[in-house]
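> Model the placement of chain B on the given structure of chain A, informed by the hints.
Each chain is listed here by its residues.
Protein chains: 2
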Amino acid sequence: MFKSAASVERLTNRLARLPGIGRKSATRLAFHILKLSKEEAFELADAIREVKERVGFCSVCGNISENDPCYICTDPKRQRDVICVVEETVDAAAMDKVEGFNGLFHILGGRLSPLDGIGPDDLKIKELLNRITDEVSEVIIATNPNVEGEATAIYLSKLLKPLGVKVTRIARGLPVGSDLEYADAVTLTRAMEGRREF
Amino acid sequence: MFKSAASVERLTNRLARLPGIGRKSATRLAFHILKLSKEEAFELADAIREVKERVGFCSVCGNISENDPCYICTDPKRQRDVICVVEETVDAAAMDKVEGFNGLFHILGGRLSPLDGIGPDDLKIKELLNRITDEVSEVIIATNPNVEGEATAIYLSKLLKPLGVKVTRIARGLPVGSDLEYADAVTLTRAMEGRREF
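Taken in sequence, the protein lines are chains A and B.
Numbering-wise, my numbering comes out as the position in the first sequence, counting from 1, plus 71.
Numbering-wise, my numbering comes out as the position in the second sequence, counting from 1, plus 71.
Among the hints, erroneous ones may be present.
So the derived list for chain A, only partly shown, Cβ under 10 angstroms to chain B, looks like this [unchecked claim]:
| no. | residue |
| --- | --- |
| 1 | 81 |
| 2 | 112 |
| 3 | 135 |
| 4 | 142 |
Each computed DSSO-like pair below joins lysine-lysine, with the alpha-carbon atoms no more than 27 angstroms apart [to be verified]:
| no. | chain 1 | residue 1 | chain 2 | residue 2 |
| --- | --- | --- | --- | --- |
| 5 | A | 109 | B | 109 |
| 6 | B | 195 | A | 106 |
| 7 | B | 195 | A | 109 |
| 8 | B | 95 | A | 74 |
| 9 | A | 74 | B | 74 |
| 10 | B | 74 | A | 95 |
| 11 | A | 95 | B | 229 |
| 12 | A | 148 | B | 195 |
| 13 | B | 168 | A | 106 |
| 14 | B | 229 | A | 74 |
| 15 | B | 148 | B | 109 |
| 16 | A | 106 | A | 168 |
| 17 | B | 95 | A | 168 |
Rather than coming from a laboratory, the hints here were simulated on the basis of the structure.
By construction, the Cβ of each residue, glycine as well, lies at the ideal position given by its N, Cα and C atoms.
This is chain A alone, in the form it adopts within the complex (with noise of 0.2 angstroms):
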């Protein structure tokens, strides 16, 4: 058997565990960091100490940031008013983009999940309901519409109402620019149910 250096097989190995980056594609990753100069290897091997070592959680909102509290959460720009609730941080940069949304966000850290043994403890739920004050008026549920998503949707619609504070869901329905032929019948239901008067 042909073996490779013994750096190179623990690099391969390494890079393997990443996700989405089979055998193969870490062995082609392995060679390529090869073949770059010492000095970008080094600069991609302190890219990921750095991010470790610098960048933690916000904790009001769980945003990944390197200051605390985040950028997001010190912006005097930003509407006080309304929350809007992501499992991650990138679902909140997707989020962000929305027109006509300039609220604050609060980052769960996760979904629940109790085949992955996922709990209410594991997520920053506890963290949400310590913001709900009086100078709170909406909360914006928009974690994913699949199944989990779902579920802690309403396991934290249960837990906000009480609170006082009005709790909404975006809306579910057929993306802009699909076809009616290619939905699904789950996706023209809610669809259906979520339709609005012209």
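Same frame as chain A, but now just chain B:
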């Protein structure tokens, strides 16, 4: 616009430079690395540094190796009269799976590609010619069966033949398990040209 922490942005940029990793995958990987334990992330960073610090090239065959000469060139069990010439180390790894082949390798470090500005001086061709002594009876050229690989093979054969060594090229033809129906005309032509008597 939603801003990520600056160090996350830097890591994403570095990752997006790797081959086969676009902006989206890079973001996903960066967030995955953020979620790793500090130890795991540092191990990945160190593996990248290590590979650049430890691994060099074998001065005999051009193989990547932590030792010089590499373990293949110093293996007493290998046939020393046959040299298989390949473009890259990964190709040597592939060829080394061939049953019945137990010779040495020579890794060119690429292929002739005038459009990319890669000429004979950029490949380890001089090193190959220096290896052709009376001890060597055959050089098998196993560059890739594409335009550039073929051109490199022809170029090498012209340099090697005058040295009185047998020069062969691996066969091009239909891959085992494939369908004639879906084979391209060039492959079929090569398969026809390379036909052998039963």
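> With reference to the structure, classify each hint as holding or not holding.
So, going through the hints one by one against the coordinates:
1. 81: Result: holds, 5 angstroms to nearest chain B Cβ.
2. 112: Interface hint status for residue 112 of chain A: holds (4 angstroms vs cutoff 10 angstroms).
3. 135: This hint holds: residue 135 of chain A lies near chain B, its Cβ roughly 6 angstroms from the closest one there, short of 10 angstroms.
4. 142: Holds, because the Cβ-Cβ distance from residue 142 of chain A to chain B comes to roughly 7 angstroms (cut-off 10 angstroms).
5. A/109 to B/109: Roughly 23 angstroms separates the two Cα atoms, so the pair holds.
6. B/195 to A/106: OK: residue 195 of chain B and residue 106 of chain A at ~15 angstroms, within 27 angstroms.
7. B/195 to A/109: Distance ~21 angstroms between residue 195 of chain B and residue 109 of chain A Cα, so the pair holds.
8. B/95 to A/74: Violated, at roughly 33 angstroms.
9. A/74 to B/74: Violated: residue 74 of chain A and residue 74 of chain B sit about 44 angstroms apart, past 27 angstroms.
10. B/74 to A/95: Violated, at roughly 33 angstroms.
11. A/95 to B/229: Distance ~35 angstroms between residue 95 of chain A and residue 229 of chain B Cα, so the pair is violated.
12. A/148 to B/195: Status violated; Cα separation ~61 angstroms.
13. B/168 to A/106: Between residue 168 of chain B and residue 106 of chain A the Cα gap is close to 24 angstroms, so the pair holds against 27 angstroms.
14. B/229 to A/74: Violated, at about 32 angstroms.
15. B/148 to B/109: violated (44 angstroms)
16. A/106 to A/168: Violated, at roughly 38 angstroms.
17. B/95 to A/168: holds (16 angstroms)
Of the hints listed earlier, those the structure fails to meet are numbers 8, 9, 10, 11, 12, 14, 15, 16, in rising order.
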